Structures are given as C-alpha cells and as structure tokens.
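Taken in order, these protein sequences are the chains called Z and A.
Remember, the working numbering sits 5 above the position in the first sequence when you count from 1.
Remember, the working numbering sits 245 above the position in the second sequence when you count from 1.
Keep in mind the hints are simulated off the structure, nothing from the lab.
The structure displayed is predicted, hence computed values, not measured ones.
Be a bit skeptical, because a hint or two may be false.
In silico lysine to aspartate or glutamate, EDC-like type, Cα no more than 16 Å apart, as pairs [as the list claims (entries may be wrong)]:
1. Lys289(A) - Asp690(Z)
2. Lys277(A) - Glu124(Z)
3. Lys369(A) - Glu124(Z)
4. Lys289(A) - Glu701(Z)
5. Lys249(A) - Asp268(A)
6. Lys694(Z) - Glu291(A)
7. Lys370(A) - Glu701(Z)
Examples of chain Z residues toward chain A, derived with CB under 7 Å [unchecked claim]:
8. Ala25
9. Gly29
10. Asp34
11. Glu206
12. Pro252
13. Gly256
14. Gly257
15. Gly496
16. Gly661
17. Gly665
18. Val667
19. Ile692
20. Ala700
Computed footprint of chain A on chain Z; a stretch qualifies when at least three of its residues, placed anywhere within it, have a C-beta under 8 Å from a C-beta of chain A [stated by the list, open to error]:
21. 16–23
22. 652–660
Positions of the beta carbon are idealized from the N, C-alpha and C atoms, including for glycine.
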Amino acid sequence: MKAYNVVGHSVRRLDALEKATGTGTFASDYSLPGMLYAKVLRSPHAHAKIISIDTSQAEKLPGVKAVATYKNTPRVKFNTSATMTFTVPAMEPVLDQYLFDNVVRYVGDEVAAVAATSEKIAAAALELIKVEYELLPAVFDPLKAMEADAPVIHDGCKEGKNIPGDIVKIPYGDVEKGLAESDVVIDETFKLPVQKQVQMETQAAVARVSNDGKITVWSSTQTPHPSRMILAHVFSVPISKVRVLNPPYVGGGFGVRIGLSAKAEPIAVALAMKAKKPVKLVYDRKEDFIASDTRHAGYVSVKLGAKKDGTFHAMDLKGILNAGAYCSFSCETPGVLGAMGLAVYRIPNQHYYGHSVYTNTTPAGAMRGFGNPQAMFAIESAVDMMAEKLGFDPLQLRLKNIMQAGDPWCLPYPCSSSGLAECMEKGAASIGWERRGSLNRPGAKILRGIGVGVGTHVSNAWPFCVDYDNAYITVQQDGSVLLASGVPDIGTGTSTTLPQLAAEALGVNFDQVSLTFGDTETTPFDIGSHASRTLYAAGTAVVAAANDARKQILAYAGEYLEVAPEKLELNDSIIYVTGQDECDARKVHLKDLAYHAHLRNKQFIGVGRIVPENAPPWHAHFAEVEVNTDTGQVKVAKLTAAHDVGRAVNPVIVEGQIEGGVLQGIGYALSEEIKYNEKGKQLNDSIHKYMLLTAEDVPEVDAIIVEANDRSGPFGAKGVGETGLVPTAGAIANAVYNATGIRFKEIPITEEKMYRALHEKA
Amino acid sequence: MDNKILKFSLNGELKEVIVSPSDMLVDVLRDKLNLTGTKKGCGKGECGACTVIMNGEAVNSCLVPAMKAMDAEVETIEGIGSPERLHPLQETFMDLGAIQCGFCTPGMIMSSKALLDKNPNPGKKEVREAISGNICRCTGYVKIEEAVLAASGKYKTKR
Ligand code: FES
Ligand code: FES
Numbered sequence: 006m007k008a009y010n011v012v013g014h015s016v017r018r019l020d021a022l023e024k025a026t027g028t029g030t031f032a033s034d035y036s037l038p039g040m041l042y043a044k045v046l047r048s049p050h051a052h053a054k055i056i057s058i059d060t061s062q063a064e065k066l067p068g069v070k071a072v073a074t075y076k077n078t079p080r081v082k083f084n085t086s087a088t089m090t091f092t093v094p095a096m097e098p099v100l101d102q103y104l105f106d107n108v109v110r111y112v113g114d115e116v117a118a119v120a121a122t123s124e125k126i127a128a129a130a131l132e133l134i135k136v137e138y139e140l141l142p143a144v145f146d147p148l149k150a151m152e153a154d155a156p157v158i159h160d161g162c163k164e165g166k167n168i169p170g171d172i173v174k175i176p177y178g179d180v181e182k183g184l185a186e187s188d189v190v191i192d193e194t195f196k197l198p199v200q201k202q203v204q205m206e207t208q209a210a211v212a213r214v215s216n217d218g219k220i221t222v223w224s225s226t227q228t229p230h231p232s233r234m235i236l237a238h239v240f241s242v243p244i245s246k247v248r249v250l251n252p253p254y255v256g257g258g259f260g261v262r263i264g265l266s267a268k269a270e271p272i273a274v275a276l277a278m279k280a281k282k283p284v285k286l287v288y289d290r291k292e293d294f295i296a297s298d299t300r301h302a303g304y305v306s307v308k309l310g311a312k313k314d315g316t317f318h319a320m321d322l323k324g325i326l327n328a329g330a331y332c333s334f335s336c337e338t339p340g341v342l343g344a345m346g347l348a349v350y351r352i353p354n355q356h357y358y359g360h361s362v363y364t365n366t367t368p369a370g371a372m373r374g375f376g377n378p379q380a381m382f383a384i385e386s387a388v389d390m391m392a393e394k395l396g397f398d399p400l401q402l403r404l405k406n407i408m409q410a411g412d413p414w415c416l417p418y419p420c421s422s423s424g425l426a427e428c429m430e431k432g433a434a435s436i437g438w439e440r441r442g443s444l445n446r447p448g449a450k451i452l453r454g455i456g457v458g459v460g461t462h463v464s465n466a467w468p469f470c471v472d473y474d475n476a477y478i479t480v481q482q483d484g485s486v487l488l489a490s491g492v493p494d495i496g497t498g499t500s501t502t503l504p505q506l507a508a509e510a511l512g513v514n515f516d517q518v519s520l521t522f523g524d525t526e527t528t529p530f531d532i533g534s535h536a537s538r539t540l541y542a543a544g545t546a547v548v549a550a551a552n553d554a555r556k557q558i559l560a561y562a563g564e565y566l567e568v569a570p571e572k573l574e575l576n577d578s579i580i581y582v583t584g585q586d587e588c589d590a591r592k593v594h595l596k597d598l599a600y601h602a603h604l605r606n607k608q609f610i611g612v613g614r615i616v617p618e619n620a621p622p623w624h625a626h627f628a629e630v631e632v633n634t635d636t637g638q639v640k641v642a643k644l645t646a647a648h649d650v651g652r653a654v655n656p657v658i659v660e661g662q663i664e665g666g667v668l669q670g671i672g673y674a675l676s677e678e679i680k681y682n683e684k685g686k687q688l689n690d691s692i693h694k695y696m697l698l699t700a701e702d703v704p705e706v707d708a709i710i711v712e713a714n715d716r717s718g719p720f721g722a723k724g725v726g727e728t729g730l731v732p733t734a735g736a737i738a739n740a741v742y743n744a745t746g747i748r749f750k751e752i753p754i755t756e757e758k759m760y761r762a763l764h765e766k767a
Numbered sequence: 246m247d248n249k250i251l252k253f254s255l256n257g258e259l260k261e262v263i264v265s266p267s268d269m270l271v272d273v274l275r276d277k278l279n280l281t282g283t284k285k286g287c288g289k290g291e292c293g294a295c296t297v298i299m300n301g302e303a304v305n306s307c308l309v310p311a312m313k314a315m316d317a318e319v320e321t322i323e324g325i326g327s328p329e330r331l332h333p334l335q336e337t338f339m340d341l342g343a344i345q346c347g348f349c350t351p352g353m354i355m356s357s358k359a360l361l362d363k364n365p366n367p368g369k370k371e372v373r374e375a376i377s378g379n380i381c382r383c384t385g386y387v388k389i390e391e392a393v394l395a396a397s398g399k400y401k402t403k404r
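Chain A on its own, in the form it takes in the complex (with noise of 0.2 Å):
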C-alpha cells in the first residue's frame, strides 16, 4: 500500500528502505534496520528514550514519520563510537555510573551529544535542559548530570 522509498544518510553511509508512509523513524531503525540502541519506552514523545540526531537536532523518532528523514543525516548511538574509538559521552557515562538498566541510555546520550555539538561547554542548566525530555527511572539523574559535565571538558581536549 503505497509503500515509498525512503533515503537518506545513517550514521554516515547512505540508505534505502522500503517504508510505508504510516511508519515512524524509531520502527524503521528498529524493526527494518535493526538498529535496536535506539529504545522505545512510549511511542508518543514522553519519554525520550528514542532520541536520536536528525540533521544535528536531537529529535524523538517515535515523533518523526520515516518520509520525513528524506535525505536527512540521521545519527544514531549505534554510530558515534565503538568499542576501540568510544565517544566522550560513552566514556563518561560508563566511568561515574550513569547507567544502570540502560534502557534510557542510548536516548541521553543521543540528547547529550546533540547538546556538546552546539555547546561544548554547556552549565549544569542547559544540561539539564538538554536531558529533560529524557526520562530515566533508574539514576534519579545524578550521575547522568555529573557524566555530561564530565564529557564536556572531555569534549575540549579531544577535538
């Protein structure tokens, strides 16, 4: 039923995928992508646990119909760092105990990063900002806070 091509740039390399024009983002990275890091916790942008970055804006995919990532850059936690060339956040977050269930991770560090890209050297507030569309049930947000401080000065020195 009316399926479209959707194309568009993923963590740096270009895709194609057959979509429906009623799919979301989060369920094409999910279920057709198989991009599982990216979480769903609601479907309808309470929780931020789909966060990802769409042509440098942290966005929730759950919000996003897939048509409109034609031909947007899209990043996932799935593509800004690995085992060997972790990302700054990823370090940080495993460092001070900023996870725990994990569920909520990927989505804060997605909304984290979004932040340090424009701000690398943001307050206590506008990280708070920046995460307050993300939920995360388990750390009361302590350390979450603490680890986005920590990746900021990070940030500095290894870029």
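Next comes chain Z alone, as it looks inside the complex (with noise of 0.2 Å):
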C-alpha cells in the first residue's frame, strides 16, 4: 500500500482550537447591531382550523417591531427538507406547507411570529394574540390513517388515503415463487418509535435583509446551499441574492436540518422583512422537539424465505412509516428503507413496497441512517429467527448468504467492494463470539447474551436524489492554497479531512491549507452534509480540483525547470524530477514558483466539477447485553462496532462517527422515544423526559476500522456517517433474545418492557 503523507493519518482537527477554547461561533451566538429576537406562537391543538386570529394587541406591546401570521406572509408552498431541490424527475417533490396556514395538523404547527427588542417581549407578545380554533378530528397512527373515514390532512394524495408521493416498489426477481419455494419462511411485523436527533444546538437563525433586498441567514443548516434554494422560492427572490451561511459552526445534525432548520430561517426572513432590522430566532429545547423533524416511526414486515442448507431464497419486505404532519422526508426514507433493506444478502428473489402516511403529530424527516435503522432492525432479528429455526449458529448463516463484491443486486450502481466478511470476523473476535451460548449459569439472576446485526449503506445520495459537487482550489501567491467547498462541518469533521484530501492530492504541506465552507457565497454549489456523502463525494470533487491545479503547476514548473511535466512531482511543495537525487538542482519550491506566475500574471486555480458514483459501507455490530431478571433493565456491555469504512482518511474522526452513532443506536434500542397523549401532545419533550443517554450509559465501545478500497472514493474512502446507528438495535435485540429466549419486535425495549416480557415468559 502506498504511504500517504496526511491521507490516514489522525491530524488534529482544524476545529478544535477554536471549539476547545470558546471562540467557535454558531448560529445561536451570533448577533448583530440593531438585532430583534423572535418567537413563535405554536398550536395546542393536533388539527383545527384558524377561525380567527387578532395580533392587534401583540402589536400594541412597546418593544414589538413585527408580527407575522398567515395574512400578512408569502402563501407559497415549500418543503423544509432539501427534498424540494434534489427530487429526481421524473418524480417530483412535495410541496405541502405554508410558512403559516390557516389550518394546523399537529401540536406545535406554526401559527404565529413575533420580533421584539428582547426575547421577553416577544414572549409576552404571544400571550397577547387571540386565536379561535375550531377542531377537527386528528390521527395518529399511520395504519388508522388510511382507513376511510380517517380525516384527510393534506389533499391531492394520489396513491391513497394520507399517503404523500409515490409508493416506492423494488422487485427483484420472483418473490412469490421464490417464497413458495423456501423450506422455511418467517414472516414477522416489527414496529419502530419515534427517535429524536437532540443536536445538542437547536435550530438556530439570524436573518438580515438589506435596503436593497439582499438576504442574508447565519443559519445552522446542514445544507446551506439548498436552504438558499428553498428560501429563494419561499421570498420569490432571485437565488442570486440570497445568502446563506454557517457562521461557521454547527451544533450538530443528524439529519434534523437537512433543508431549512425546521422553520427557524424563512421565519427569522419574513420578521427580518418586516421590521426592517435583523432578527434572531432560536428555538427553545421543547419547541425543538415538538417542531422539528424526527426519525420515521411505523410498521416493518419481513417475510424471509430460505432453503434448508441456509441459502436466503426469497425476501418480501414492506415498509409503512408515520410521515407526521408534513411530507418532509417522508417519500425518500421508505425508499432508503427498501433499498438498503435489500442489498444486505444474496437474496434471488424479492420485493419491496413502502410507503408514508400522514398524521397529526411532528413531521418526520431525516434521521441518520434515513430509513436504514428501521429496515435493520427487522431484517437482521427475522434473520436470527431463521437461524433458529434452520439450527444454524447466527453468524454463520449470515456469512453464508451476505453480498459480495462484484454480486448483483437490486441497486443502480454496482457492488463495487465489501469488508463485510472481515468486519464479522474481527467483530466476532472482539466479542468472544464463542463463549455465545455458555454465559448463564442455571438460575442467575443476570442474564447474559450476545448478540449480532449487520448491515451496509451508501456513500452519497445519487442516483436517488441530485447529487454533484464542485470544489476551486486556489494556490496563493506565496504556495499556500485555499480550498473552497460548500459543505458544512456539521461536526463529523469535514473542516479537517477536507483540506487532509487537498493536501495529499495536490502534493502540499497540510498547514498550508486553508479551507472556506458552508457559505453559499465563497463557496461553489453543493448539496450538503447528508447521506454519508460529505469526505465521498464533496472529497472527491477536491480531489479533483487538487488534480487540475496539480496539472498546471507541473506544466508551468516543467517550463521553468525545462523539464517534460510528465517527468516532474510535487511532493511537500517542492516540484522536482521524479526519481532525482539529491544533488539534482533542477527542483523549485511552490512557494517560488507560485510567485514567479504571479509576477507574470499567472495563478494556478484548480477546479473540481464531479457527479460522484456511490459505493455501500460495510458494518457488523456484536452486542453483549446483561437482563436484570428482577427490575428488567437491560445493560449492554460491550459493543463491537467494525465498519468497512473504504480508507479511513482520518482514523481518530472515523472512530468518533463510529462510537456517536453506535450510542444513538443503543439509544433507539432500550430507552429514546417520544410518544403522544391522545390529543397528540408530545410526553417526551425534554431532555430528560426523552431518556437520552449520559456518560454513565457507555458500555465498553470497540470501533474496529476494516478498509475494503473502493476504487470509487477518494483515495478509496466510502461512508461512515451513519452507519453506526444502522445495525445497532437489531444486534442488541439479538442479544436480549440470546439472554433471555424473549423475541422482542418493538423497541426501545425499556426496563418496564422486559419486566413485564420476563413475568409473562415466568
């Protein structure tokens, strides 16, 4: 293997100085003279209608500057997600809300919007706005949903009753006779909660509008440049004239601002507007989780079908999700759903249907992992059920029927590369895979299993939705180089591997680099910080920026040093002739270099313009879990986490997106749901009502690197992002089952679950 310079090595993440020390700004810190505070008036109702609403009052309050409603407000229709502005045609993108309507559909739907001096005012501004409702009946179930005589949240639902966009359908093969001919079918129903991201930063906006109709959002978007788009659309403005960026930092994502943050810019804009001063609108905590996007919760049916030697031969699978309120999301993850769903095993024969159904609580949209989760959970614990039933040990099965390189399968790329394989056995090594089977002694009142999930992922969202990137790279007068991507650094570190793929491409020392992001207007287009796609593909088109700007340093150096630039190499800045000796004069610094074009009106200026490929991660998750047989606490105590994650560019980075993603996995396997009361109020809408995981919670975590080479990624990277979330929660109900022989199909199993599981069982 060729030894990188900066590629694979754990550097220091650029970041971190100005995060460790405080002076790391984010949208929530940011201000500005002469600023406003906003705050929302949000329904307590699940559906109703607005038979009145009086602001005259709010208004009246000295200190308020602005009220918006749905009377005085663009009544054009959007999408919060960045779905509206990377649908694929011929499908074509949901556009379900108003900024604020004069119909609500869940608890916490915007109604109203004040600015005032200070965030008091505006607070008790909101106290001061009547509004008469009348109610109308609501829905909460996504199955009961369909039903006739559910009430209609949206209209225009041309597939059924509630169901916003298309169905999605994936066949693949002969299902029904690839069923009718399995020895063994297991057929099963699994049912999912809702999971919220809690980024540790809320949506956060400040909004400045300028004399000459100039936009500016300091936003905490992960994806400033379709957040640009959607707001261009909302205001009817020229995309030209607005801005939006991250100021620079993010507080985290997960999925929960993949478009707008939730409502926070296009409100903060049209307040902005308004009052002709700039606004500030940060959510609080509970208006966070009431009114911003959430995991799909709903219903995952698995029908798998296998012959007696073990070989998979048929799979069925069917996906309804609970869409909430607004569409969001909702038509792209049971896609994500059904085709990650599929593409685990060798399976000759299968189908896929799924789909979302509108209801009357918070809009569900994108969660890391994006429908990924679900599918796992229940394939991977209907896949333990038939290695039971065929008598087979459940790694073993798997082993046998998993993807491999080169293999068909149901998606529009090919299989390019797996480390699935070796992911199973350093996993299956870390966890003491053997010992499975002898961990209780009769009548102990901590059970103990240990239990296994696999999975894969993609790298990018094409060919599913618009996905291409663009990166400049810049050289400086003096050799130093400036980099310019339009993603953000949400967290995961892309400020750092970023300009780590720069600097090895081009050849450059890596302080020499200095990147520019999340900035719609320093930077070129990109689609943002999704889809595990940020080092792939937004790496790749640095990648290829790095190799043009390389190109033409070699060709004027080849000038300079009247050598052919084919037989020339830029290594730690330093052109010189490949293979030369030491002693060898005909070498130039970039430094020097770069001024001698400069003084001759010359600069090199790399651009990178790419539509990436994709190409599936690859990962297997051993969980050992202890059953308290008298509370019914389930403790995991270690997880094996080995990911196929290409090439780590970044070890210590990778590790982190490893060890986050696998504690939210644990998460949505034993404790993090929100349900609703039967008006549709949320029960879980703080921190600590969530049951959100501390410190305390952390079992021994093992992150294991496996780095199957994709010969699609830069310098064989894929994605790791999400993954860590994706095989968790069936790897942990393996395990629960291995404890304690109980079969749970809905998580999170929760101390109260297993207790009554285990007096039931008893």
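Could you use the hints to bring the two separately framed chains together as a complex?
So, in structure tokens, the structure goes:
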C-alpha cells in the first residue's frame, strides 16, 4: 500500500482549537447591531382550523416591531427539507406547507411569530395574540390514517388516503415463487418508535435583509446551498440575492436540518423584512422537540424464505412509516428503507413495497440512517429467527448469505467492494462469539447474551437524489492553498478531512491549506452534509480540483525547469524530477513558483466538478447484554462495531463517527422514544423526559476500522457518518433474545417492557 | 424595572453589569458580556452545555439567577486557557478526538475542570459522574472520558 503523507493520519482537527477555547461561533451565538429577537406562537391542537386571529394587542406592546401570520406572509407552498431541491425527475417533490397556514396539523405547528427588542417582550407578545380555533378530528397512527373514516390531512394524495408522493416498489426476481419454493419462511412485523436527533444546538437563524433586498441568513442548516434555494423560492427572489452561511460551526445535525432548520430561517427572514431590522430566532429545546423533524416511526414487515441448507431464497419487505403532519423526507425515507434492506443479503427473489402516511404528529424527516435502522432492526431480527429455525449459528448463516463484491443486486450501481466478512470475523473475535451459549449459569439473576447485526449503506445520495459537487483550489501567491467547498462541518470533521485530501492530492504541506466552507457566497454549489456523503462526494470534488491545480503547476514548472511535466512530481510543496537524486538542482519550491507565476500574470486555480458514483460501506455490530431479571433493566456491557469505511482518511474522526452512532443506536434500542397522548401532545418533549444516554450509560465500545478500498471514492474512502446507528438495535435485540429467550418485535426494549415480558414468560 | 448592579469576579477580572432580577447567569454571560463560549442547549438544567464554575463548583448557569452570582468567583471556558497556554483539558480534548460539533465542549471541559481541581487523579467512575449532567450527542462520550483521564495525568505534571 502506498504510504500517504496526510491521508490516513489522525491529524488534530482544524476546528478543535476554536471549539476548545470557546471562541468557535454557532448560529445561536451570532448577533448583529440593532438585532431583534423572535418567538413563535404554536398550535396547542393536533388538527384545527383558525377561525380568527387578532394580533392587534401584541402589535401595541412596546418593543414589538413585527408580527407575522398567514395573513401577511407569502402564500407560497414549500417543503422545509432539501427534498424540494433534489428530487430526481420524473418524481416530483411534495410541497405541502406554507410559512403559516390557516389550518394547523400538529401540536406545535406554527401559528404566528413576533419580533421584538428582547426575547422576553416577544414571548409576552405571544400571549396577547388571540386565536379562535375550530377543532378537526385528528389521527396519530399511520395504519389508522389510511382508513376510510380518517381525517384528510392534505389534499392531493394520489396513491391513497393520506399517502404523500409515490409508493415505492422495488421488484427483483420473483418473490411469490421464491417464497413458495422456500423450505422455511419467517413472517413477522416489527414496530419502530419515533426517535429524535436531539442535536445539542437547537434550530437557529439570524436573518438580515438589506435595503437593496439582499437576504443573508446565518443558519444552523446542514445544507447551506439547498437552504438558499428554498428561501429564494419562498420569498420569490433570485437565488443569487440570497446568502446562507454557517457562522461557521453547527451544533450537530443528524439529519434534523437537511434543508431548513425547521422554519427558523424563513420566519426570521419574514420578520426581518417587516421590521427592517435583523432578526434572530433560536428554538427553545421544547420547540426543537415538538416542531422539528423526527425519525420515522412505523411498521416493517419481513417475509424471509430460505432453503434447508441455509441459502436465503426470497424476501418480501414492506414498510409503512408515519410521516407526521408534513411530508419533509417522507417520500425518500421509505425508499432508502427498502433499497438498503434488500442490499445486504444475496437473495435471488425480492420485493419491497413502502410508503409513508400523514398523521397529526410532529413531521418526520431525516435522521442518521434514514430508514435503514428501521429496516435492519426488522431484517436482522428475522435473520436470527431464521437461524434458530434452521438450526444454524446466526453468524455462520449470515456469512453464508451476505452480498459479495461483484454480486448482482437491486441497486442502480454496482456492489463494488465489501469488507463485511472481515468486519464479521474481527467483530466476532472482539466480542468472543465462541462464548455465546455458555454465558449463563442456571438460576442466575443477571442473564447474559451476545447478538450480531450487520448492514450496509450509501456513500452519497446519487442516483436516488440529485447529488453533484464542486470545489475550487486557489494557489496563493506564496504557494499556500485556499480550498473552497460548499459543504458544512456539522461536527463530522469535514473541515479537517477535506483539507487532508487536498494536501495529499496536490502534494503540499497540510498546514498550507485553508478551507472556506458552509457559505453560499464563497463556495460553489454543494448539496450539503447528508447521506454519509461529505467525505466521499465533496471529497471527490476536492481531489478533482487538486488534480486540476497540480496539472497547471507541473505544466508551468516544466517550462520553468525545462523538464517535461510528466517527469515532474509535486510533494511537500516541492516540484522535482521523478526519481531525482539529492544534488539534482532541477527543483523549485511551490512558494517560489507561485510568485514567479504571479509576476507573470498567472495563478493556479483548480476546479473540481464531479457527479459522484456510489459505494457501499459495510458494518457488523456485536452486542453483549446483561438483563436484570429482577428489574427488567437491559444493560449493554460491550458493543463491538466493525466498519468497512473503504479508507479512514482520519482514523480518530472515523472512530468518533462510529462511537457516536453506536450510542444513538443503543438509545434507539433501549430507551429513546417520543410518545404522544390521545390529544397528540408529545409526552417526551425535553432532554430528561426523552431518556438520552449519559456518560454513565456507556458500555465498552470497540470501534474496528476495516478498509476495503473502493475505487470510486477519494483514496478508496466510503461513507461512515450514519452507519454506526444502522445495525445496533438489531444486534442488541438479538443479544437480548440470546440472554432471555424473549423476542422483542418492538423497540425500545425499556425496563418496563422487559419486566413485563419476563413475568409473562415465567 | 428593578434593575440591579451585579458585581462579581469573572475569569479573575472584576465585573459590574446591570441585570434584571429575572436574568439568568447564562444570559448575562452570553448576551450582556458577549462571552458566547458558554452554550445554551436547553435552559432548564438538563444538558450541561451552560456549565460554568462558580466558587469552585460546576453549575448549570441557566439555573443560576444572575444576582446569585453577586461577589462570586465565576470561571468560564474563555478564562481557563489561551491558545498559547492551554489548559490540559483543552489539549487532551483536542488531541484525543473528544470534540466533534463542539457545542457540548465548553460545558464538558468546565465540569471536568471542576472535578480535576478537587480531585487531580480521578478514576473512570468519578469522571463519568462528574460529566453525567453534560449531554453530548456526537461522540458517544468514549473519547471525552479518555480525554479527561488523560488530562488528569497531565494535571499532576503541570501543576
Ligand atoms: S442550558 Fe443549562 S443545562 Fe442546558
Ligand atoms: S461534540 Fe457535539 S454534542 Fe458533544
């Protein structure tokens, strides 16, 4: 393997110093002279029509500068998520919301907003707004919402009652025949909860509208360029007159702000237009819970058929997800659920059918894994059930059936690489798989078990969604390098790893590279931080830009040194003749060459414009759990997460992605859930009530990096951002079964549920 | 309305600032004194992002009425080190990958510092306990715990 100078090294993150010393700024830290503060009035009802709204008292309150309602804001339909900017034709994005409407569709829906000289005054003004509602019937479960007598939440659903967009169908082989030919069929339905991103910085935006009509928004979005497109659409202004930027950091995302930060940006802009002053809107934590996208809850059904010898022969997969009150990513999520669910195992006969259903709950959108964790909890549970029926070791059954590089599959790009078998072998060794089955002494109070779950994912969104990328590399007059990429850094380390790629591909020292990012005005178009794509897709553009710049440098150096450019190399910022010995004088430092060029009216500017391919990352998780039979508490003692990431450009950052995903996966499996009462009000709308894991809940985590280089990714890299969450719940549920003999078809496996199940069993 | 003058020591400097009785310390720090290093993730004492050290104790500054800081000694992330002279925790957080989005970082470091100030050689259990009120949604806490333990080693040598 070629040794790299920067790639593969865990260099210290470039954003670390600012963040560690408290000077790194986020949208919620931002302020401007004369800035006003906004607060939003939200619906207390799950479904209602606004009969009348009177804002006159609020407007009279001293300090109030603007009030916005459906009456005085644009009647332009949009979708807060970036789906409206990247849905691939002939599909059409679902635009189903207004900034404010005269119908509210969930508890927390926006009714009005106020901008005032202080947050306190804005909050006081909300109390003075009089709203009269006519209550409408509401529905909270996706299956019920499809029934004939369910209320219509949005008109124009062409595929069926309350079904947004198109139903996703993925046919592959003949599933009916395949199931009929199978010796054993597992047929089960699994229920998935609402999970919340709970990124630490709530939704935030500061908007300024200049007198000449230009809109600037300092935002917490994880996709500045698409956000800008959405704002231009809502306010009917040219895209070129809108600037969206992160200032420059974002306090986490996990999918919650792919597109707008809920409605923080457009509400701030609408108020700034009215007040003619900058406006800041920061959601409080409760608003963030009730009024920004969640993960999709719902039902996943698996019919898995196998031959007696353990060969999988057919799988019929179905997903019905709860969209909540507005579409957001509810067309794409069931698609990814199906596509990823069908891609893990070699099964000749498959079919997927899936869609979302509107209900009167908080909208569901993107969250880390995007449908894939839902699919893999169900599939990995079913695979374990199959192993038991067939009398197979669950690990061996998987190894027999997993997809291999080069295998045909249902996805529209090749299965170009796979390190899954290696992940499974290394993971099994780490957890001590051979101990499985001999962990419990009879009569033990604490029951132990070991389980496995595997999966794959994407490395960007193409060809499911629009996904292309651009980067500029401008060599400065002293040979230092300015890299421009439109991608943000929401904590995943892009602002370090993209410069690593640039330094390596160009051949300059890492400390010479500086990055401008997450700003629509200083960077070319990029679709944003989602779909585990930033390093893979934005990185591919960066490498292309570096190659372009290097070519220009070597061509110029060729003339300067009077050597053919093909014979030259650029390394450590020095251009020299390939294979040259120490005393060969034919070399030049990039610093001198760049200045030489400058004095002759030339600058090296590399442009990278790419459409990424796609590549599958793979992962195998092994959980060891301890179930307390007195209390029902399930504790994860160890979680091994082996991930084929193609190439770890910065191994410490990769480990961090895996560990963070693992912990969110443990929460998904064991404690995290938003429930609603019978009126549609969230019962878990705060950090404490939601049961987030703390440092005291962390098991031993062994993050193992496997590098099955993919030819399509930069230096062989594939996606990793979401994968830590994908197979975790399945691995834990399987370990719980191994410990107790109780099969949970519903997560989270809370203490209470386990306690009840243990008693029923006894 | 009933505005009062709050006098306290902030990062070793005497401060006087006009506050209203309903102001919380976090808002005074962030909005009146422009020290935005202290973050606000919930405003309800549930996330720890706003942790500062007051008279030697780690506190959630969103739960501290500003006037309670009268005559107190308050330390924030901005006061514990500078790029030239970093606090050992700042160094180990950077070196060991304990920072991702960074929104929890100031609070994490302040909770950890309060621990190390009292107990320069804590075990894993003490570290976990000290940061159990600080939510981090990015890192899974693994590298944060490592960083605090590593800093405790440095603590001994540096002081
Ligand atoms: S902001 Fe103070 S604890 Fe969350
Ligand atoms: S680093 Fe993002 S919350 Fe801790």
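Hint-by-hint comparison with the structure:
At most 16 Å may separate the alpha-carbon atoms for a hinted pair to count; Lys289(A) and Asp690(Z) meet this at roughly 12 Å. Of the pairs offered as hints, the one joining Lys277(A) and Glu124(Z) holds, with about 14 Å between alpha carbons and a cut-off of 16 Å not exceeded. Among the hinted pairs, Lys369(A) with Glu124(Z) is inconsistent with the structure: their alpha-carbon atoms are about 41 Å apart, more than 16 Å. This hinted pair does not check out: Lys289(A) and Glu701(Z) have alpha carbons roughly 20 Å apart, beyond 16 Å.
Among the hinted pairs, Lys249(A) with Asp268(A) is consistent with the structure: their alpha-carbon atoms are about 10 Å apart, no more than 16 Å. At roughly 10 Å between alpha-carbon atoms, Lys694(Z) and Glu291(A) fall within 16 Å of each other, so this suggested pair holds. With a CA separation close to 8 Å, the supplied pair Lys370(A) and Glu701(Z) stays within the 16 Å bound. Restraint check, Ala25(Z) versus chain A: the minimum CB separation of about 4 Å is within 7 Å; hint holds.
For Gly29(Z), the interface hint holds, the least distance from its beta-carbon to any beta-carbon of chain A being 6 Å, beneath 7 Å. Contact between Asp34(Z) and chain A, as hinted, is supported at the beta carbon level, the nearest pair being about 4 Å apart and thus within 7 Å. For Glu206(Z), the interface hint holds, since its Cβ comes within 7 Å of a Cβ in chain A; the closest pair sits about 5 Å apart. For Pro252(Z), the interface hint is violated, the least distance from its beta-carbon to any beta-carbon of chain A being 11 Å, above 7 Å.
About 3 Å separates the beta-carbon of Gly256(Z) from the nearest beta-carbon of chain A, less than 7 Å, and the hint is met. For Gly257(Z), the suggested interface contact is upheld, since its CB lies about 4 Å from the closest CB of chain A, less than 7 Å. A least Cβ separation of about 3 Å between Gly496(Z) and chain A falls short of the 7 Å threshold, and the interface hint therefore holds. The interface hint given for Gly661(Z) holds, since its Cβ lies 5 Å from the closest Cβ of chain A, which is under the 7 Å cut-off.
A hinted interface residue such as Gly665(Z) counts as satisfied when its beta carbon comes closer than 7 Å to some beta carbon of chain A; here the least separation is about 5 Å, so the hint holds. The interface hint given for Val667(Z) holds, since its Cβ lies 6 Å from the closest Cβ of chain A, which is under the 7 Å cut-off. Annotation: interface hint on Ile692(Z) holds; nearest CB of chain A at approximately 4 Å, less than 7 Å. Evaluation of the Ala700(Z) hint against chain A yields a held restraint, the C-beta minimum of about 4 Å falling below 7 Å.
As drawn, the stretch 16–23 of chain Z meets chain A at 6 residues by the rule of a beta-carbon pair under 8 Å; at three or more, the given contact holds. Counting residues of the stretch 652–660 of chain Z whose CB lies closer than 8 Å to any CB of chain A gives 3, so the stated coverage by that chain holds, three being the minimum.
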